[in-house]
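**Student:** Hints in hand, dock the two standalone chains.
Listed in order, the protein sequences are those of chains A and B.
The opening position of the first sequence corresponds to residue 1 in full-length UniProt numbering, with each subsequent residue numbered one higher.
The opening position of the second sequence corresponds to residue 1 in full-length UniProt numbering, with each subsequent residue numbered one higher.
It should be emphasised that the hints constitute simulated quantities derived from the structure, not laboratory data.
Backbone N, C-alpha and C fix where the C-beta goes; we use that ideal spot for every residue, glycine too.
Treat each hint with caution, since some may be false.
A partial selection of chain B residues facing chain A, derived with a Cβ cut-off under 10 Å [stated by the list, open to error]:
no., residue
1, TRP6
2, VAL38
3, GLU60
4, ILE74
5, LEU78
6, ASN81
7, ILE82
8, ASN85
9, PRO109
10, GLN119
11, CYS133
12, SER142
13, SER159
14, GLY167
15, VAL175
16, SER176
If you want the ones that stay clear, here's a sample from chain A, every Cβ over 12 Å from chain B, calculated [claimed, not checked]:
no., residue
17, LEU62
18, LEU75
19, THR76
20, THR79
21, LYS83
22, PRO85
23, THR132
24, VAL139
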Amino acid sequence: MNIILYLSNFMIPLVFVYIIGFGLLSKVNVFDVFVKGVMDGFKVVLNIMPTLIGLMVAVGILRASGALDFLTMVLTPITNLVKFPSELVPIALMRTVSSSAATGLVLDLFKTYGPDSTIGRMVSVMMGCTETIFYTLSVYFLAVNIKKTRYTITGALLANIAGIIFSVFITYRLFG
Amino acid sequence: MLNYLWAYMIIFGIIIGAINGNMPEVTQTAIDSSKEAVQLCITLVGVISLWTGLMKIAEESGLIKSLTEKMKPILRFLFPNIPDNHPSKKYIATNMIANILGLGWAATPPGLKAMEKLQEINPHKEVASKEMCTFLIINISSVQLLPINIIAYRSQYQSANPAEIIGPAILATIVSTCVGVIFAKVMMKRSRV
Numbered sequence: 001m002n003i004i005l006y007l008s009n010f011m012i013p014l015v016f017v018y019i020i021g022f023g024l025l026s027k028v029n030v031f032d033v034f035v036k037g038v039m040d041g042f043k044v045v046l047n048i049m050p051t052l053i054g055l056m057v058a059v060g061i062l063r064a065s066g067a068l069d070f071l072t073m074v075l076t077p078i079t080n081l082v083k084f085p086s087e088l089v090p091i092a093l094m095r096t097v098s099s100s101a102a103t104g105l106v107l108d109l110f111k112t113y114g115p116d117s118t119i120g121r122m123v124s125v126m127m128g129c130t131e132t133i134f135y136t137l138s139v140y141f142l143a144v145n146i147k148k149t150r151y152t153i154t155g156a157l158l159a160n161i162a163g164i165i166f167s168v169f170i171t172y173r174l175f176g
Numbered sequence: 001m002l003n004y005l006w007a008y009m010i011i012f013g014i015i016i017g018a019i020n021g022n023m024p025e026v027t028q029t030a031i032d033s034s035k036e037a038v039q040l041c042i043t044l045v046g047v048i049s050l051w052t053g054l055m056k057i058a059e060e061s062g063l064i065k066s067l068t069e070k071m072k073p074i075l076r077f078l079f080p081n082i083p084d085n086h087p088s089k090k091y092i093a094t095n096m097i098a099n100i101l102g103l104g105w106a107a108t109p110p111g112l113k114a115m116e117k118l119q120e121i122n123p124h125k126e127v128a129s130k131e132m133c134t135f136l137i138i139n140i141s142s143v144q145l146l147p148i149n150i151i152a153y154r155s156q157y158q159s160a161n162p163a164e165i166i167g168p169a170i171l172a173t174i175v176s177t178c179v180g181v182i183f184a185k186v187m188m189k190r191s192r193v
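The shape of chain B in the complex, shown without the other chains (with noise of 0.2 Å):
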């Protein structure tokens, strides 16, 4: 899927730019934007290894394993098919509270040891479980409860109140992860492996 999304982009990119003229941009943003992409792997890595750090802190002194055992109901319905004891559901867990207190950067590292996890008990390896795609489209439904980001943004651009759409916008994260739940349980249902 990425193989023909990543070649498309960039191929439909290039004949776009070739009809309309814009082939010196065109170079130079595929330049800027690989060092861009190097750039912000810098910065990330700060962040990042920061909240690792601190995750790891975490760990040891048995606050995930608190929290996890915490969200167990929310998890067993939501993986009707992975055992409780399972490391998987600990990063799940971890995952899904920094998406939930919107720290979107440092949902990463927990989430890609859940899938590490997961694929541990994917009978294909090459193809994605249910579980895996239970799990991506909540993330991507976002589950964010408080957007700190836009906020920060509104208030560098001179809102009057850059906290009012902090209402809203949960109501709406609610919407669109309900849409995602609903989907992946009823495709959970439909396909065997």
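One chain only, chain A, in its complex shape (with noise of 0.2 Å):
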């Protein structure tokens, strides 16, 4: 386990040595190139901005309203049903419109609980094998103009359904 930490702190650095090595090595020129590339990505967040501006503001209206602890209570009855610890339910609706309000509510629970508790264990599990449903649609969606989505977000509930169920079986499993 330690291998994989030490690892993954050297994930990105070893990402930028390999990638500008390998462009040295093509004769590229790296930093001209670099420069160039940096523009593109203006122009990606400055599309992003204004769906962002969007989301941001009806998930924060949701949150300040009461709305999503009303949505939690309705719910938890029938997550205790399944041993579903309701601490979760929040998090994991959060989750499918706002990966930061989803963090927000994660590094909460950190706090209540630790991040060593079958809790803290369970979301940390959670957040790397789910993804932020609703954001992700409306930004890829909304750049190319798409207005009919078909079956894109069944799927995408369906498979991260599935891994938040494996998240809180597995972490039972393995941690007790």
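**Tutor:** Right, here's the structure in full:
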């Protein structure tokens, strides 16, 4: 496990060295090309910004109004039936719309229960195998003006639910 | 879809807020969230630009091409209807590689490029093509192998072993991605367009 931690610290710098080294070896003007590429990044963010503002405001309103707590309350009896910890419900819901909001809730749990508690481990595994469905969908589909998303949401939801269920199962299994 | 979702999120939130008497908080949060979104974008400009810059180097040096070459069998299985040399495949491969490495922020630019290229071969411009659906389902099912952010947060909160969740997280990712792929494959077979 220490090796994995050690490796993950090296991951991003290694990617840098690999890409730049490969560029040098292929006789690319690495800095000129890099600067040109940076311009593309500006355009990408400029395209995303309006969507992001719209969605973050909507999520903010949902959270501040107490609607999210209300949803958790409604869902708790169901989740209790299947031994799904109700502390994870708001995160599972939040996770579908906003990564940063979900992260905020995760850090909250770490603070309350500790990252090495069952809940803490469960939520860590869960965050590693799920994605922000609605955020990703809106950014990707809006970028090319798609109005009808067909079965994408169903598929994404199914995959995420499978991941969440498995996270709970494997955490109980491995860490008791 | 998003039209309604977005509208209902706001309307539902405001109605609940009114019932709970949280109107001042709702107002404040709405304004704060828009500010927060812009701040997030400013951070994103730095991180994403850094990556698009590096990706440009990887592109010009032929690195992406060689990685894409290695991913061809997988892409051929997932997207049987896209011709092998179509540019969308290059971007899909790049997006997946970034996701696998846990570089979530770095996956978006090539992902958007992939969507653009897929849109060029989409017969109905307002309806998502099967390839777009498959691509996004896999993307959202999270193919991440190194959840770097979570490891960082865990160590920040004094975990005895922040990396211990990597193994189970990889297993969970495999499960969610498999479910996504199977669903996408079934739907691809069932729908005609």
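**Student:** If a hint holds in the structure, say so; if it does not, say that too.
**Tutor:** How the hints compare with the structure:
no.	hint	in the structure
1	TRP6	6 Å, holds
2	VAL38	7 Å, holds
3	GLU60	5 Å, holds
4	ILE74	17 Å, violated
5	LEU78	13 Å, violated
6	ASN81	15 Å, violated
7	ILE82	16 Å, violated
8	ASN85	21 Å, violated
9	PRO109	5 Å, holds
10	GLN119	4 Å, holds
11	CYS133	5 Å, holds
12	SER142	5 Å, holds
13	SER159	4 Å, holds
14	GLY167	8 Å, holds
15	VAL175	4 Å, holds
16	SER176	3 Å, holds
17	LEU62	4 Å, violated
18	LEU75	15 Å, holds
19	THR76	17 Å, holds
20	THR79	18 Å, holds
21	LYS83	17 Å, holds
22	PRO85	16 Å, holds
23	THR132	8 Å, violated
24	VAL139	7 Å, violated
Comparing the model with each earlier hint shows violations of hints 4, 5, 6, 7, 8, 17, 23, 24; every other hint is respected.
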